[in-house]
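Could you build the full structure based on these sequences and the hints that come with them?
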Amino acid sequence: MDAFIHQFLAGLATGGIYASVALALVMIYQATHHVNFAQGELAMFCTYLAWSLINAGFGYWSAFLITVMLAFVLGVLIERVIVRPVENSPVLAVVVVFIALLVIFNSIAGWIYSYTIKTFPSPFPAEPFFGNKYMSSHEIGSIGVTLVVLLLLYAFFRYTPLGLAMRAAAQNPASAKLVGIRVGWMLALGWGLAAAIGAVAGMMVAPVVFLDPNMMGGILLYAFAAALVGGVDSPGGAVFGGFLVGVLENLLGAFVIGNELKLAVALVLIVGVLVVKPTGFFGKVHVSRV
Amino acid sequence: MSRRVLIVLAVVLLAACALPLVVSNYRVFQFTMVLVYAIALLGLNLLTGYNGQISLGHGAFYAIGAYCAAILMDKFGVPYWATLPAAGAVCFVVGFLFGLPALRLEGLYLALATFALGVSMPQLLKYHLIEKWTGGVQGIVIVKPDPPFGLRLSPDQWLYYFTLAVMILMFVLAWNLLRGRVGRALIAIRDQHVAAEAMGVNSALYKTLAFGVSAMYTGIAGALGAIAIQFVAPDSFNIFLSITFLVGVVIGGLASISGAIYGALFIQFVPNFADEISKAAPWAIFGVFLLAFVYVMPFGVAGAIRMLLARLARKAQNDSGTAGMATNSAAGAKTPGSSNATG
Numbered sequence: 000m001d002a003f004i005h006q007f008l009a010g011l012a013t014g015g016i017y018a019s020v021a022l023a024l025v026m027i028y029q030a031t032h033h034v035n036f037a038q039g040e041l042a043m044f045c046t047y048l049a050w051s052l053i054n055a056g057f058g059y060w061s062a063f064l065i066t067v068m069l070a071f072v073l074g075v076l077i078e079r080v081i082v083r084p085v086e087n088s089p090v091l092a093v094v095v096v097f098i099a100l101l102v103i104f105n106s107i108a109g110w111i112y113s114y115t116i117k118t119f120p121s122p123f124p125a126e127p128f129f130g131n132k133y134m135s136s137h138e139i140g141s142i143g144v145t146l147v148v149l150l151l152l153y154a155f156f157r158y159t160p161l162g163l164a165m166r167a168a169a170q171n172p173a174s175a176k177l178v179g180i181r182v183g184w185m186l187a188l189g190w191g192l193a194a195a196i197g198a199v200a201g202m203m204v205a206p207v208v209f210l211d212p213n214m215m216g217g218i219l220l221y222a223f224a225a226a227l228v229g230g231v232d233s234p235g236g237a238v239f240g241g242f243l244v245g246v247l248e249n250l251l252g253a254f255v256i257g258n259e260l261k262l263a264v265a266l267v268l269i270v271g272v273l274v275v276k277p278t279g280f281f282g283k284v285h286v287s288r289v
Numbered sequence: 000m001s002r003r004v005l006i007v008l009a010v011v012l013l014a015a016c017a018l019p020l021v022v023s024n025y026r027v028f029q030f031t032m033v034l035v036y037a038i039a040l041l042g043l044n045l046l047t048g049y050n051g052q053i054s055l056g057h058g059a060f061y062a063i064g065a066y067c068a069a070i071l072m073d074k075f076g077v078p079y080w081a082t083l084p085a086a087g088a089v090c091f092v093v094g095f096l097f098g099l100p101a102l103r104l105e106g107l108y109l110a111l112a113t114f115a116l117g118v119s120m121p122q123l124l125k126y127h128l129i130e131k132w133t134g135g136v137q138g139i140v141i142v143k144p145d146p147p148f149g150l151r152l153s154p155d156q157w158l159y160y161f162t163l164a165v166m167i168l169m170f171v172l173a174w175n176l177l178r179g180r181v182g183r184a185l186i187a188i189r190d191q192h193v194a195a196e197a198m199g200v201n202s203a204l205y206k207t208l209a210f211g212v213s214a215m216y217t218g219i220a221g222a223l224g225a226i227a228i229q230f231v232a233p234d235s236f237n238i239f240l241s242i243t244f245l246v247g248v249v250i251g252g253l254a255s256i257s258g259a260i261y262g263a264l265f266i267q268f269v270p271n272f273a274d275e276i277s278k279a280a281p282w283a284i285f286g287v288f289l290l291a292f293v294y295v296m297p298f299g300v301a302g303a304i305r306m307l308l309a310r311l312a313r314k315a316q317n318d319s320g321t322a323g324m325a326t327n328s329a330a331g332a333k334t335p336g337s338s339n340a341t342g
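Listed in order, the protein sequences are those of chains A and B.
Sequential numbering from 0 applies to the first sequence in numbering that gives the first Met the number 0.
Sequential numbering from 0 applies to the second sequence in numbering that gives the first Met the number 0.
Hints in this document: simulated from the structure, not taken from any laboratory.
Fair warning: there could be bad hints in the mix.
[To be verified] Quick look at which bits of chain A chain B covers, simulated, 3 or more residues with Cβ under 8 Å:
#, stretch
1, 11-21
2, 95-101
3, 109-115
4, 257-263
5, 269-281
[Unchecked claim] Here are some chain B residues the structure puts well away from chain A; computed CB gaps all over 10 Å:
#, residue
6, L5
7, K131
8, R180
Where is the CB? At the ideal position from N, CA and C, for every residue including glycine.
Here is the structure:
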């Protein structure tokens, strides 16, 4: 039983990471109907930036904040400069652009920082909180950080005029334009926010999986699965899906199929959800007219 | 085919036959890999270029083909040439089966599902229950075949000619497939699947068949690649292999048969040159080229060559006088637009 509880809680901790990345994916999907294949590599790259800042002598939390801001700017820039020209192109062109971004970020990180694995510090104490035997401080801390990010986002979209404008731009661009919202910039802001969330997720997961240019590959896959399980256009669903996939992955890996086939869980989930219930748990059904 | 095209093809073929006699064995091996990649790219192009189904996981089919060949040769002593039909058949079935759920997925979602397949493939190959066949992380080492009939060729040269013959066969088959009823159906489904169905095209059947045939091509390429490299291991079939194929198809030219060869040359030789700058440079260059091609040359090298030829032809027409100019320039102007279908 102890082992079960332990795996369950560890699943929640990684689930928080998946939830963050899935949330970033859903934010971009909602606004533009693009799936950002480069989300993971963007997060990885930002984590390297944080690593550089920490090594340059910044404290953890100041490096954290600066990285989040840099990630935001990077996201906005990518949208304005690279994604904008293919906004209305066929799906294939968009997918190719995202794949191009994926390999570019991966190789730039490898070029600058080399492919050797680096350790990344955790801001939380090494001793478990309150001497509990189930979860390390980092696991509890990263769940906490995920929840804070979620609350901030919720408050932003629910209670600020800018958040309202962004929701309007995503839901109905034409009408949003008519009431004076600059839809293009709202999309860019959405990209910036998504990149910032990804950066937080990257910094939270890096102490666990260690820092290297390919560290987000598997995580991105789980995040895809999480976003699809929750419903690809539902932010709340993505968070739910993230925690669900994290727990499922850990329990199945520990007790049923072994650690070797963990990625196959994501594959089966992705194909399964897409085939059986493409809207996921909380997604809206879209009916298109031919 | 016009006479001029036939002459060009004959010259290219002669050059391809003469090539291994004038370059070193290592270069011969590289050109063998070009031929292998060309087959794989043609397979991906059948699916993505002609039928509009995006696959980011074709490395998985390449891996299955490679493992089929390696296991048959290593464990069952099957001769190398006999592994190709087997690899093709296995990949056709796997591709067909994967194509069934893929029917329900359009565009982005299919890209997602195939991406997941590509990412998880190395882990599946390492699975311990199939380790006694696959060799687990270690992979399988196979021996390079010797030339038959006492031919005085090095094994590398023989393998090159063998691969060339297979490639020509596969290209002729694809060309025959695409220029007729099937090719029109595939393109019609890509461009307007509702209209295609209204015209009586069985969209579900053609799409799954396209998936199967595409996987078969890539699987045969994988088998040839395994024989040429003499080694298979799970980690060489990661997601970046699938992305390499995508790069090749986009650079060579979507929906173009000749594009497969340009793309194969690109993905074989550009990393070689770029490796000298940095280990990361090939991928940086791949990424930048991908972006540049999407923005500037969406039909790839093949499309650019086609447009250049059309422009030259039009210029020649204009210079040679006004007789028949109207009809010819109309035909010339049509070429870039209708170029998706031919070439």
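* List in ascending order the numbers of the hints, as given earlier, that are violated by the structure. => 1
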